[in-house]
Amino acid sequence: MLTKKFLRQGEPYVWATSLALSMILFIVFLLLYVVLANGILVFWPKEVSQVTMTDGGLVLGEEIRQEKDPAGGGKRFQFKVGNRDLYGLDFKWVDARMVKTFSRPEDVYVLERQEHGNFYGFLRELQTPGLVIPAEKSMSLQMARDVIEPQRAEVSKIEKQIATLNRKVEYSNSRLARLRYKKEGATPAAAAVRAEIEEFKTEFDRLVGILNGKRTIVAANVAVLVDANGREKTIALADIVRCYQPNAMSWLEKCSYYMIRIKELLVAEPRESNTEGGLFPAIFGTIMLVFMMSILSFPVGVIAGIYLREYAKEGYLVKTVRIAVNNLAGIPSIVYGIFGLGFFVYGVGGQIDQLFFAENLPTPTFGTGGILWASLTLGLLTVPVVIVATEEALGSIPPGIREGSQALAATKFQTLTRILLPMASPGILTGFILAMARAAGEVAPLMITGVVKLAPALPLDTIFPYLHLDRKFMHLGFHIYDIGFQSPNVEAAKPMVYVTTLLLILIVIIMTSTAIFLRNRMRERFSVADL
Amino acid sequence: MSHPVNPIMSVDNPQVAVEHLNLFYGAAQALIDVSFGIPKSQVTALIGPSGCGKSTFLRCINRMNDLVEGLRVEGLITIDGENINDPALDVIELRRKVGMVFQKWNPFPKSIYENVIYGLRIAGIKERSVLEQAAEQSLKKAALWDEVKDRLHQSAMGLSGGQMQRLCIARAVAVKPEIILMDEPCSALDPRSTARIEQLIRELRDEYTIIIVTHNMQQAARISDYTAYMYLGELIEYGPTQKLFTVPERKETEEYITGRFG
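If you read the protein sequences in the order shown, they are chains A and B. Sequential numbering from 1 applies to the first sequence in the working numbering. Sequential numbering from 532 applies to the second sequence in the working numbering.
Hint data in this document are derived by calculation from the structure and do not stem from the laboratory. Please read all numbers here as calculations on a predicted model, not as lab measurements. Do not rely on the hints blindly, as some may be mistaken.
Looking from chain B toward chain A, a few residues come up when the C-beta cut is under 7 Å (computed) [unchecked claim]:
1. Phe555
2. Tyr556
3. Arg626
4. Arg627
5. Tyr649
6. Gly650
Every residue gets a Cβ at the ideal spot worked out from N, C-alpha and C, and that includes glycine.
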């Protein structure tokens, strides 16, 4: 009797609903926690420990974690010892029973290098042509590095100039190939292009000459370091990206180091098969992909939704189309990828090559994966969401509004553009938000329509024709997969996986919250809740 | 069932003349052989029980029924001698001439000002001075000016129900129609707002031909010059309001207006 009354009151159902919500929230927060906990402190400088072993050996490195030895016995520690060029591996397990003492030497250096990952060790001396300065008398390694920084910057500037030049030559070559294909290889126009290429080549040789000279000068400045066990290693100052003494750093210094690393992450190119350096090309690729996808798919989706709701005569055909559109959202994304590959890349792209870039064949221009095809594929994937959202938004407008407008001698089209679309815009924007979030997180279809692990150039740059829709691009989602599962050095790449994930989530949050902010403003403006 | 033609059903020089109007929703017939004339610059009320076809009839006059699928009209409706169902007639022109106010107020989610001048903007009028003048005049005619003149550019959604309905009247008036159709404009309003709108209708009578559907017989008696009583899709009786309410010719009318039926 009491239970019956209890059930009738509905309390248990309220609990069930709140339970369902808390479960979802729990999982979401767990995911965010894991990503944040692992990702946010990757760039915080960790202190370096020196372990003295019972057998007299020394291990120098960052303690990564400890766990129970799977081979039985006690605990074991994992250290990131770096010095890949000396040891072959960056990581080392240390059996806790073998440890005699732990210490934190103040003068230990951590070097981030252009190659071979980090170096952990101590400075012995600095060498510059004709001069050897022992560590006790020398300035700090960081200062020494800063001294040669202007020269190093010059070197990388020239390297960039050479890269730009290369791309210009590439472009001129393709123009020449086109002229030759049109059997105009002997015309003055072709001669002009040839002369241009010759000019580029002279410039190229000149730059390479300068570069080699500068490189030799810069490379003569080296630091001699030793590892924990006294093995010597000579490192060119120019190869050091950054160096610091974590055990001697104050909290403020650590903060500034952290900010520098974050900046590097956002603006620099990746190094060391993507496990180090920045993510700029991937960030750029992701945002540009979503942006292009939006431009290509949203207008089509909105127009299709308008037609279905406002103009199509309700009947079996429209019902079938509606069901089909709704079901499109349920197709696995890889299927869209395969369709994109077959239709856009090989079909449309192949045709474009035949018609406009025949001179390059058999090397494909548009007939291979690129950002345009990837955007179109993603557009196809997200367009059903936009159609459904548009239809629902238009459908939820009270019929009196339409009649009111038409009774004032507005045509159907005027009613649509002046009243209905503004009123439907918050709902349509909701569709955009869902579509954008989905597109930003989608990886599978990209893998076969144009994403690469390392793109030589961005799809948008300063070389004519500026927007290179045929170029391949990098993407944060694919980056996660690539460094997490395809990297030659998985252990070293792990922190980067978390950082990339965190970044991707942040970008999605920023993009969608902008859209949500816009939507809420429109909702306020066009609400007819009082009617 | 056919009634002998009531001699009063035709007035001299009607502005809107309806002849043998039949209307079908698919197979169902909603209006049966309706014929009468509506005089210019008078208030004509359509009364009758719910579902008798008075709203459907009203929506025939500005062809709002075009929007309804599966609806078919037979017979003739002329306004100033022009057949409004003529395929060559521009329905937009017709609706400019015949404004409409709905039972449920339906202002657009725009500012008060934009609501009033919506019809003018649609007609392509761009001069600011013209629009502003029209907005002021229309709001004054709709007896709303004093209440909203200080917040013309605020959202119309902040108005009360009665104000919104008067805004809808102002909006209809702004396009300078000749005829205004009103579909139970007061049925969702409190007595005070109703009184204001009734007074407004009386004031508008001089300039416009008003055809109003109401289920409130007292209202019809108060505001209209002519009254038509409809029942089950047929026009039962039509005549000067005073006569219809005091000495109805037909028994059905008498039963309805005295409350014994309906």
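Comparing the hints with the structure gives:
no.: 1; hint: Phe555; verdict: 19 Å, violated
no.: 2; hint: Tyr556; verdict: 16 Å, violated
no.: 3; hint: Arg626; verdict: 4 Å, holds
no.: 4; hint: Arg627; verdict: 4 Å, holds
no.: 5; hint: Tyr649; verdict: 6 Å, holds
no.: 6; hint: Gly650; verdict: 4 Å, holds
In the structure shown, a violation is registered for the earlier hints numbered 1 and 2, in ascending order.
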